[in-house]
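Asker: Residue strings, one per chain:
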Amino acid sequence: MGRKVLLEHAKIEGIRYYDTYRKHGGYTAVEKAFKMAPNDIVEEVKKSGLRGRGGAGFPTGMKWSFLAKPEGVPRYLVCNADESEPGTFKDRYLMEFLPHLLIEGLIVASYALGSNRTYIYIRGEYAWIVDILEQAIDEANANGWLGKNILGSGFDCQIYVQRGAGAYICGEETALIESLEGKRGNPRIKPPFPAVKGLWDCPTVVNNVETLAAVVPILNMGGEEYAKIGIGRSTGTKLISACGNINKPGVYEIDMTISVEEFLYSDEYCGGIANGKKLKACIPGGSSVPILPANLLLKTAKGETRMMTYESLSDGGFATGSMMGSGGFIVLDEDQCVVHHTLTLARFYRHESCGQCSPCREGTGWMEKILKNIEYGKGKTSDIDLLWDIQRKIEGNTICPLGDAAAWPVAAAIRHFRDEFEWHVQNPEESQRRNFGLAHYADPLAVNA
Amino acid sequence: MSVQFSDTKLQEVQKMIARYPEGKQKSALIPILHVAQQEFGGWLSAETMDYVASLLQLDPIEVYEVATFYSMYNLKPVGKYLFEVCQTGPCMLNGSDNIIEYIGQRLNIKAGETSADGLFTLKTVECLGACGYAPMMQLGKHYREHLTKEKVDAIIEECRKNAAANN
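Residue numbers (the working numbering), protein chains in the order written: chain A, 1 to 449; chain B, 1 to 167.
Here chain A stands alone, though its shape is the one from the complex (with noise of 0.2 angstroms):
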C-alpha cells in the first residue's frame, strides 16, 4: 500500500462535514500555521519539495516567494478548480469529498501570502460542488477558522467561490483572472507575471486544488518528512485520475515511487486492461502530453521501468517519453483507433482555442478537418505531412500554452502511430469498417498478467 496524505482520510463516512473532519484531525494545520510566520510557512512549502499539480509542475515554494509585496497594495491567493483537461477529475474528487482539507490548505496559504479576501475558481459544470464547498466555508466561518482575527492572530480572511461558464481556457492563469474580472477568458501576454500584476492589477498567486490540499500535510508532518516520500525532484503524493478502458477507472493517490505497471495492472489501482484486451497505448497525464504506445509506456527507450514520477514519465523527452501533467491517465485497449481518438482531442482544442493567437486559433480548426478527412476516408498521403507541419507552426507561437497543448497530441498520435494514419489513408473503406490492429503495440511487454 503506497503512504496517503491527501485521501487518507476519504472514506470515512461524514468527512465532508466539519465535525468529523475535525475529528480526525482537521484544522490542526491552520493551528500550527498561526503560531508561524507567513514567510517560515513559504520557506517550509519549498522545502517540501512540492511541485504544482494543476499540469506544469513548477515549484510551489518558489512561486510564492516570488509574490511582489508592496505597500497598501491587497494581495490574492486564487485556486484553480476550473479542472478541464479531458482525463483530469481528482480536483472534482478533492472538493466533492474532502471540501475542509481544500479550505484548510487555502487558509494556511491565505495567511503565508497574506491574502484577506481568497477566491476559488471552479468550473461552471461542477454546479453542485459549489454547494459543497460554500457549506464547508459556511462552517469554518462559523468555527472562527475564517473571519476577522482568525485565532487571535489580527489576520482576517474570507474565501469566496466563483463559478465559471465553460471555457478550458481559464484553467490558464491570466485567463482564470480575466474571468474572475468578469471578462472574455482571454490570456494576459506574460511579463508581467500574475505574481506582480494579476487579480484587479494586485499580485497575485494561483494554485491548482491539489497543490493546495497538499499544503495541509506538508504543514502537519513538515516540509522535510513530505520531502522524503516520492524519488528524487518527485516529492510527496500524486492524485492520478486514470480512465480510458481499465478494469477500475477513479482517482488513486500514489506517492511517486511505484512503477506505470504496478499502477496499471495492480488491483490496488487500474486494475489492468477491461474486458480481457490488451494495452495499446496510454496518455499518462493528461490529453495534452504525448500518448506513448504500450512498449514505451511501460519501459523507457533505454529498457528501464518506467515509474509514476515527473522525471521518468518525461524520459526520453517528446521522442520517446511524455509528461505527469495534470495525472489524467487515460488509457486505450488494442480495439481503440488512435486516429480517432486524436480527432476527439483536437476538436476539443478547437473548441477550447481562445482566437486571441491566429496560429492556435486557425491551426486547430486545420488539424480537426484533416483529422475528420483521415478518420472518415477522404484522407490523402499527404495530409500527414501537412498535419505535422501545422502543429510545429502552432507549437510555441501562443502566448499561451494552450497551442503547444493542441499540438503535442497530434505530433505524439503521428510519431508513434503514423503507419496506423497511412493505413486509414490508403484503406478509405476498410477503415471505417474495423480498426487497424497492430498487435504489436497492443503486447503488454514484460506484464505476466
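Don't read these hints as lab results, they were simulated from the structure. Please read all numbers here as calculations on a predicted model, not as lab measurements. A couple of the hints might just be wrong.
Said to hold, decoys possible - Each pair of labels, with its calculated beta carbon distance range:
(1) A:23 <-> B:98: 41 to 51 angstroms
(2) B:98 <-> A:17: 38 to 48 angstroms
(3) A:131 <-> B:2: 28 to 38 angstroms
We treat Cβ as the ideally placed atom computed from N, Cα and C, and that holds for glycine.
Here the structure of chain A is known, so what remains is to put chain B in place on it, guided by the hints.
Answerer: For chain B alone, coordinates are given in the frame of chain A:
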C-alpha cells in the same frame, strides 16, 4: 416574460456583488448570468443581457462579449431538459458516440436541435471532468454517469413524468 429578478433573486445578486472589492462589481457578471439564464427560460436573450448590464452598470457590449465566449450560456431558446453529452476522448473510448446517436434516435433530433414538443435539447459538449465515469451527460445541476441505452431511456422517462407533473 418580463425580465426582472424577484426580490429574493435580487438579494442573491447583491450578495454576489459583495464578494468583490468596491468598484469591481463586473466580477459578478459570470455568476449573475447563470442566475439570469436559469430565471429567464434557460437562455440569454438580448433583453436579459441588457437587464444584467443595467444591474451591474456595464455597457451592454461588455455582457454580450462574455455571454458569447462561454459555452454554458445558451444564446438560443432550449428545451425544458437540456442533455449535454460529452464526446471528448475518454468518453469516446467508452462509447459516447453510440449514446449520442441513441439519444438522437429516441428524441428524433440531431445534436443542437430541440424536440418538437419543446421538452428536450441535445447538445454535445467537450470534457466535463467525469472521464472515469464515462459516458456521461450533464442534466441541470447534476451529472448522469455510466450511461447505457437503458439509463438513457430511464432519464427520458423521468423527464417526461416530471414535465407532466408540472403541467
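Asker: Compare the structure with each hint and give your call.
Answerer: Status of the hints after comparison with the structure:
no.: 1; hint: A:23 <-> B:98: 41 to 51 angstroms; verdict: holds (46 angstroms)
no.: 2; hint: B:98 <-> A:17: 38 to 48 angstroms; verdict: holds (40 angstroms)
no.: 3; hint: A:131 <-> B:2: 28 to 38 angstroms; verdict: holds (29 angstroms)
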